[in-house]
Each structure stands twice: as C-alpha cells, then as structure tokens.
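Take the sequences, apply the hints, and build the full model.
Residue numbers (our numbering), protein chains in the order written: chain A, 1 to 163; chain R, 1001 to 1800; chain H, 2001 to 2289.
Some clues are possibly wrong.
[Claimed, not checked] Straight-line C-alpha distance at most 20 Å; calculated PhoX-like pairs for lysine-lysine:
(1) R:K1610 to R:K1564
(2) R:K1146 to R:K1167
(3) H:K2274 to R:K1798
(4) R:K1598 to R:K1566
(5) R:K1386 to R:K1488
(6) R:K1669 to R:K1449
(7) R:K1386 to R:K1403
(8) R:K1449 to H:K2030
(9) A:K2 to H:K2030
(10) R:K1566 to R:K1488
(11) R:K1579 to R:K1564
(12) H:K2274 to R:K1669
No lab work stands behind these hints, which were simulated from the structure alone.
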Amino acid sequence: MKQVEVTLNVNGRDTTLTIPPRMTLVDCLRDELRLTGTHVGCEHGICGACSVFLDGEPIRSCLMFAVQAEGHRITTVEGLLNEDGSLSDLQDSFWECHAMQCGYCTPGMLVASEALLAENPDPSEDDIREAISGNLCRCTGYQQIVEAVQMTAKRRREGAANG
Amino acid sequence: MVDAPANLPNYRYVSRKRRTKEDRRFVSGRGKFVADVEIPGMKHVAILPSPHARANIISIDASAALALPGVHYVLTGDEIAEATNSLFHGLDLPNVIWHPLAVGMTRYAGEWVAAVVADSRYIAEDAAELIEVEYEALPAAVDSEKMIDEDQPLVHPAHGTNVLFRKTWTWGPVAEDFASVPNTVSYRARWGRSSTVPIETFGVVAKWDDVNEIIDVWASIQMPQYQDQIASALRIPMNQVRVHNDVDVGGSYGVKRGIKHTILVTYLAKKLGFPVRFIEDRLDNMSGGDAHGPDRIFDITMAFDDEGVIRSMKIRALDDVGAYPGRAPLQLGKPMTALCGPYRMNSIEYEAISVTSNKTGQVPVRGFGQSPTNFAIETGLERVAKYLGIDRVEVRARNLVRKDEFPWQIPPGSIYDSGDFHAVLEGILKTSNWDDLIARRDALRAEGKLAGVGIATCLEPGGGNNIFEFLFNPKLEITTFVESVLIKVEPTGAITAVMCTTTSGQGHETLVSTIAGEELERDPDTIRVLHGDSLEALPTRSPVASRMAIVLGTATSKAARDIKAKMITIAAHDLGVEKDQIEYADGEFTVRGNPISKLTWTEICHIAHKQFHRMPPGHELGLQAYAVQQVPGAGGLPDENNRVPLYPCFSFQAHVPLVEIDPDTGKVKIHDYFIGHDCGTAINPDIVRGMIIGGVAHGIGAALYEKFEYDTDGQLLAGTFVDYLLPSAHEIPAVVDSESCTPSPLTSLGQKGSGEGGYLGAPAAIASAVNDALAPFDIEINELPIRARDIEAALYEKTR
Amino acid sequence: MKAAAFDYVRASSVDEICRLLAEAGDEERKIIAGGQTLVPLMAMRMARPDMLIDINDVAELAGIDDRGDYVSFGAGTRQRAIERSDIVSDRLPLVAKAVRNVGHQQTRNRGTIGGSIVHGDPSAELPMAGLALEATMILRSVSGETEMPIDGFFEAAMVTNIEPEQLLTEIRIPVWQDTRIGTGFHETSSRQGDFALVAAAAQIVLAADGSISRAAISVGGAAPSPVKLHALEAALVGKPAGGFQEVIALVDEEIDPETDVHATADYRRRVTRKLVTRAIDDAIAEAGK
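Given below as structure tokens:
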C-alpha cells in the first residue's frame, strides 16, 4: 500500500510530507513534525490527551488520519503560545492555579478550555466541566483546572471591559 | 482555597502560595516524556499477547513475521530466559519464575509471548500478527478465594500451591481483649481489582554504548532499585547502567514499574546494537502491563465495649496478586504501619494471605495497600455504630487517638508522631455544616430520593520505612531507606540542587527549591533543580511511600543548612570574628553589633571558589553540600513479637460526602465533598491541595466506577477505556479541602507526606455515604466498586 | 493500536464514491466520515478495510434543510451542526435533545449523523431518535437511489442493512405538524457522555381533551439494536395523560436486553421501563404547555 504526499498546515506553517495513509494525525504531529506537546493516551478516542484544533474546533487527533487533515488548519498546544513565545493568558492561568501535576493531559485540557472560552466567555462551572468532560485527568481531580478556566474568563472579561 | 493555619511560623516561602516550577514547561507543551525521547536510529517494539488465561506453548513460528520488510528481530521467552536473570519478587519464591516473556506456558490472557523489533510501531504490529503460536489451552484458575484450596489448577506448578504466602501475627493480648468486652461484629469487605491507571502508559527507550559499556535507559519510571534490577537481570555491573531521571513521568501513583518492559528493551538494545523503544499502547497496558492493583478480601471481627470503643481486632486479608507477584504481596505488609487506623485499639491479630491466579500481575498502587485497609477498617466503625445505635461520627470520636497521647504506639509497633485528630474532625464537621448536610439529606429523602452522608477518618502514613518486608521474607533484611540531594552554589552565587530520582507530578523541583530557598533566604524561583542520572546520583529509594517531603525535604534542609554554616564560617574567618558573631539575613553576613562589617552572598561565593588565601585553613574549597538522609526512626529490626516501628509520620484525613442515588437507575451523584486534612507543614499549598483532590478523584473511581473485571475463563472484560471507566469532570465533584497543621517533630520543617492524598480515605467515605443512603432499606454493600447496577439490583430485591 | 494498512481516496463527489464502492471486487472498501466509531475499530484491527474513501470534502453530503414535511440531513452532517441548528431545535426537538447526549465536544465536532446510523450501535442516540420518528434513509449506488425506512435497517449490534456498494447520502426525519407536541429523552450511562446503558426517546401529541393522540417511542441499549416500541405506541393512543402506566408493561414484549460488562439484562429490562416512563412524562408535560 503506497505512501501519499500531503501538505499540512500546522500552527500557521505548511509542511509537505510523504506518509502512509494509516498514520494518525497525532503520530504525524509528534513523530514527523516533532511537535511532541500533543500526547497519546488511549488511541481509541476516550482520554482526550490528543486533542488539537482543526479549523478552530477541538478534535481527537488519534481518530483522524493525517492525510485527512490536508486542506485544514491545525493548531496544537505549541500554537497557543503568543507570537513572542510567552504564555497565553489561559496557559498562565493554568500555571497560577496549578491546574496540572504530571502535565500529560494538560495540552488537551488547554485545547478544550480554549474552545469553550471562544464560544462562551462567561461559562458556569457546569459549562466548564462539560467542556472538559472529554479529557481525562488522573492527577488533579479537575478542580484546579476548572478554577484556571474561570480565572481566564474573568481576566478576559475584565480586559474587554477595560478596552 | 487553602488557608494557612494560624499557628504557622513566619515562613517566607514554605506554606505560602507559590507557583509550581514544573508547570511552566507543561503548559507550553514542553514536557519531556519518554515518548518524546528521540534517539537516532531507534527501532520499535510491538508485543504479541496470549489469548489464553492458561495454556502450554507448543510452538512459535515467526518466519512470516521476519520476512516482512522493516522487521529486524522477533524475541521469544526461551531466548530471554536463557540470556537474562529472572525478575525480582518481594517474597522468597525460588520456584515462581518471572521473565519478560512467557516461557513454556502462558499464565494469563494478555501475557506477552513474543516481541517484534521493526522500523516503526506500525510495521511491528503488522509483524506481530503474522507470528503463529500453537497453544494447548488449559483450565484457568481465577476465583481468588478458591486459590487456597488444593483442587485448583496450579499457576506455578513447580511452586506446588497457589498460595504464595500465609502468615498470622498477633500483637498484644488479643484473646484476653476479646474476652474482656461484651460485643463483636464480624463482616467481610471486598476491594475490587482496580488500579491508578495513568493517562500515559509505561514506556522505555534503551541504547547500548559498546565503547563505553553503558546501557542508557529513559523510562516513565517510579521504582526503587530500578537500576539495581536492570543490572541484575542483564548480568552487568550497576555502573554500566545509566537511568536518565530527567524524564517527565506522566502520572504513576505507584504503578510505573515496567521492569519486564525494561529488561526486554535493554536486552534487545544490547544484543542488536541499535537503540530500541517500547511504548505500551493502551491494550498492552491494561491486560499485559502487570499494573493492576489490590484484589482483596477482608474478613474482620472487631471486639468493643458498650460505648463503642474497640479494644481488639482480628483481620484476615486475602489478596490475589495475579500470575507474577513481583513486589505486590508486600502490599499486605505496609498497612501494618497503620493497621488500626487512627484509633486506639489495644491488640490486633492479622493474617495475610497472598495467592496467585491466572490474571494480570499486580503492582504497588498509591498507598501500597493502605486504602483497601482503611476501607475495611472504616466499614467496621460503621458496623459498630449500627450495632450499638450510636452516631457514626461519635463512635469515631470515641476511638480516635487523642492529641495529648502523641507519640502513640500501635500494637504492631509503629509510632504515630503527632496530630490533633479530633480538631480536624470537628473542623470538617463545622466546614461541611454537618447538621445542614443531614437536613439536606432528609429533605431529599422526603422527595422520594435516596440520599446519604458519609464519614471516614483515616491516616496517610509517610516516610517509607519498609522493614515490614522482613516479616514477609527474611532475606529482605534492609533498614536503609534514604533520599539524597546535592546543593551547589556557583562562584557568582547561583544555586543548583541535584535530586536523584524521577518525578511524576509531585512537584519535587518546587519542593526542593522552596525548602532550599527558605533555609538560605534566597528566592526559590532562582534555584535550579536537576534530576541526576543514576550514575551521578547519590542513593535514592524513589518517590514511593509518601516519603519525599519527609526524606528529600529533610535532606534538602540539611544540605542547605550545611551550605549556610560553611558560608558563615568563611565570613567569620574573613571578617576576623568567631562564627557565633555572624548574623545571616537576606543574603548578607554581618558582624553582630557592627552593621558595616559584612560580606554579601556573592562575595562569599567568590571567596569560596576563587580566593584560597581568604579561606579558613583546612576548609573545603568551592561551596557545595550533600545530604543522604535516612527516614526518621528507621534502623530497628522486628523484635521477638514481630513488633517494629515502621513509617514515622502520619497525616490525617476526615472525609464528608453527601450523595444522592436515583432509585430507578442506581446512579450515584455526589452533591458535596468535604475533606479536612492535616499533613503537618505544607511546603507548597497548591501542590498539597492538588494531591488531596486528585487522590479523592482516584478514590471515587475505585469506589464507584473502576474494576478490572474477569470472566470465569480468565478473560479480561475491561481492557480498554470503553469498559474500564475513569471518572471525568462530571463524576468528580467540587471538593472543599480544609487544611490544618500539626507539625511532625521528626522532620526539618514539620512536614509530613501528602502524595497519597485523598485516595486513602475517599473509597471508605463514599461507601459510608452510599450505605447511609441505602440504610432505610436495610441494605449494605461492602464490595467495591459499588456500581449503579449493584445498587439497583439490591433495591429491587428488597422492594419487590 | 495502529490500523492495518489501507489505500486512501479523498472523494469529491457522490458519483465517485459509488463508483469506487462498485469496483471494490474482493476488496473491503469503507467510507470514512467523522471516524469516531470507525477509527477505534481500525486501531484495534477489528475493522481492516483495504480502502478508505474519505467523504468529508463532498459538500452535497452535508447540510440541514427544512423541507416542510421533513427535515433533510446530509449523511455527512456533523453532530455539532445538528446541536447548533435552529431548524433542528424548532422542528425536531427530540433530535435536539438526543444529540446533546452524544459523546463530548470533540466527538460531536467530527462525528456525523450518517456515521452514527450506519454503524448501528445498540445505544447510540441519533439512530434512536431517527427510529422513533420513522426516518427514511436515502441510499445511493451505481444502480441508482433507494429509499429505505429506518425501521428494519438495524439488524444486530453494529450490523446494519447497508450493502457494501451502497452509500447513505441523506436522512429524512418527518416533522409532526400537530400543535400540542412534547418530547422527552432520558438516558442512563455509567459516566455522563458514555454510550447509554439504556436510553428512551418519546414524542407525544396531546389531543384537546388531554388524551394522547399520537406517540413515538424508541429505546436504546435494550436489545442488540435500537427498538421502536410499536405495541406501546399503539396502546398509548387514547389513553389519558395521567393514566398510561397500565400499558407500560408492553415495553417488555419488544425488548431483548443482554448482559455485558456494563450491565445485566435484568438491569436493562427494569431500567428501560423506568426511563420510558420518564420520557413519556416529560413529553406529556411539554405538550401540555
């Protein structure tokens, strides 16, 4: 079975690769593009550690073949940093609230949280828990993650209010 | 939020809100996990598992696999059994042989039969499918309790029985104590096979350097004596093994042991001459990774007076460790350190039985057996309360060790260092507004729902004095349990500390830098903490046993105080005064009473490194110190009554959940969860809080959702995340964590352990709440996990 | 958990897809839309197609269209689009309720209504809702177009009546034109967002006198496939809103629950009754407003 040539747009950059069709998007990001911030946890679409943005919406990159991603915009956790390499407000809030321990689920949590805030700038605790319900964490018990998202929402609302 | 207790010394960094150092790289996606390690030329391993719970291996034909382009090697059990020494067991079991691959027979469904090495994991899996194995399937032995009978198939025929260990210890006058009180309750409590299942699976990469004769190992590891066991299995000296401890471990909570994965990979790397990588996929991990947890049946009788004060207890604990025991049977021993929980029992009889079966192997899980034991003890407290018609909180209050009784020695010998259990309990009753919880419970009941409030009080022993292992295996006469740290200060004043083991989310870099910063009055954010590799590192026992704050923390204090003392000596000499005339504050060494006579931190560093002529004669040059810290209280062997102090420090927890149960579906919803916690001095409050809440989440999983279910043929029915249910953000409630502080007298800053966290009490608390909800129907469920269908079925039986 | 090798084609039209399916010969060729059900099966090597035909670029296969008597869904319409659609919340409130229970945000961003139906999971929510409302499925092949009622499409757990050379292009879900309509959807799962252990969907019309004049009820997780409760529906007609409990026992006649690692058959049987009752209660309450 033959390899195929694809051009992937990841974090704003195009890269052309020759890969087998069966290579998953997460494996391609990690092994071909060396973007190792996105993690593999289950490879059957439950744990959410592989979550990335596809055209601005969070998806499970273990359930997509890399060849399917051509023509789409992919953003990984590395792409959440500001242009100058500094942390986004969400990433900084995660740090401030200690919204992680081992760090393995964190990239997926950031993607799911960022997606929520883009759609809902004033989420309730239930909204937040629903948004991250597809991302499993075994370290934190989720609470400090919820607090980090609440902190970010508040910072953004206050930032918007201040113009 | 975490409130600093009122009695806190005026620490500048310790116990203050501070960001965790490690978090910065994790939020950036720049953690270095084992699957991120790329060694040029590395090849990939995939495993062929056995489909049978018990079978003879008649033949293995790998020819089709080897013919596939990109395949380099196929390894089977016979070869690795010949070329390496078998893997370590905690018990003395010369006839129970464990190799990384099955040899001659497979003993559980999912056991690894062959390993393929190929250019990619994809190709390796293609090749594994092409290996033809002929099996002779045999009847399997999977009923844990039946393993002590003589009529079951033998998992290890050469061992002659399925019982790996069976012994009874009696501490104190059990028979007399039983005779002296009028009441007993007897019950069974069952802890279902679950585990802490990190989101990252185990992985290992190894590279053999034949010129320098070093095997480099990167692994997602949390294990004492890892490099020892590698060296022993490969038959090479320990100084040919270099374990890289700077790999970020994606969660472990005890289970990242991976020794068979490691020997497989290091053997292949050494033999084949190129780097080899094996990352478990989730299927490999769940059935074949040998990372299951306790599978335990407790039969307990408690003897108590008419006030509910428990005088004595008889416990029989039977644990099914699966086909290859490893260290798991010792998980019956650690709970000896808090066998009666936080209560003032006078005597205990303890029978521990470890059995083998045709199931996946077991591994130490967070608490090393303490959580199942706490669940079993707390079930007894509930029973005692019910028997006498006494309030469940009151019965605990009557039994708790009192604050004026510390240090308190329990019958097996451990000494509880400090605590104010009653204050923490009263505190959480207040924080949770217990009476209001009861009122809310009753209101829900009035609406036709089932509702319950739970209570559990329990201990988290910390420190890791593991001499109980000697009671299980006299060859384990080991009394040294150390942790080390090296601190060095550069000529220009920057501080670097080197710790000697891995971290899996506990924030050790933050722990070490905070303590060093506190002792030296330097900003912890400027202190770099490295993880030295095993060739550079000083002695370590790895982050197990809730020991790191206690032992690594004390070591850090010692090394830092040493540095400070050296700097004072240098300053005194240079300023021409006695040492006791020097005052140190905030980076300045000043002569008492003469504020202009001083030297700065940077000046001292410069002298120490560069100016021999200004140094005190005979004083060590440079500025460094290390500490190899023994766990407090260790060194003794058990006496003739098998009594010995074990873990030195005891943290305390009181849990109060409110649950509601849908009577039609049996589904449990946790409305509120309160926990009062005392771990002495909390080095970093956010880290402690994370451990508590994260531990509660693990405990909720074990109590309500998680089970490695087997059928009668030994097939694992819960081998994926579809069937093994890890709680999400919907299943874990918001937890209110209320911190107290009773410092330990045994550690440098009064710190105790907190890494096992809420896991040690949450299962007991959830069981208590569920059973309170079911009490109006006179239903009690004492087997975990308690699933919706178990509750619904029990209600149906009662109400039909 | 790497899939077995396959050839990949990114289709650009329905005709191309049908042609590729017709030319399969001895090969197994499968459609990939959202991949949320298919890819895990491939990762476990339980599905091993020789060719994957990616239909995500075929615009005509996606879209929600209000056609008066029914709402048309392109088979490739994302569950997330259904969740956000005003047409669906206005015209098919039962579908709106069902889709909110499907997985998690990541699942719904990729998963499609067509994929969910074609895979035939016994407890998937959209097949249940479609079954309750008597959806019609449009299947295409090189031989032409076929309309198939959804009842009878589900054969067994994960097995549906689609031929290897057929492509599901459209699902048409009828819109009830009555005025006093209410819906109810209840499910119980081990964890929120999991496949349901048991689920019940109900759509009810109340007559002017408050009796039930029309009913559509389906259940999931109570048999190897989703089930439409024909007998119960017929028995509900004419019953007063407060007095349908006497016919609830009819649920048992049409379900065939199984035991697995998640729940026993008995549990499913008893809970199905309870959830059907709740769904009907909700629907009646809503219709009464």
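Hints, one by one, checked against the model:
1. R:K1610 to R:K1564: holds, 18 Å
2. R:K1146 to R:K1167: Holds: K1146 of chain R and K1167 of chain R sit about 18 Å apart, inside 20 Å.
3. H:K2274 to R:K1798: Measuring from Cα to Cα gives roughly 17 Å; hence the hint holds.
4. R:K1598 to R:K1566: Judged against 20 Å, a Cα distance of about 16 Å means the pair holds.
5. R:K1386 to R:K1488: violated, 59 Å
6. R:K1669 to R:K1449: Between K1669 of chain R and K1449 of chain R the Cα gap is close to 11 Å, so the pair holds against 20 Å.
7. R:K1386 to R:K1403: Violated, at roughly 26 Å.
8. R:K1449 to H:K2030: violated, 48 Å
9. A:K2 to H:K2030: This hinted pair holds, its Cα atoms lying about 18 Å apart.
10. R:K1566 to R:K1488: With a Cα-Cα distance of about 12 Å, the restraint between K1566 of chain R and K1488 of chain R holds, given a limit of 20 Å.
11. R:K1579 to R:K1564: With a Cα-Cα distance of about 12 Å, the restraint between K1579 of chain R and K1564 of chain R holds, given a limit of 20 Å.
12. H:K2274 to R:K1669: The given pair, whose Cα atoms are some 18 Å apart, holds under the 20 Å limit.
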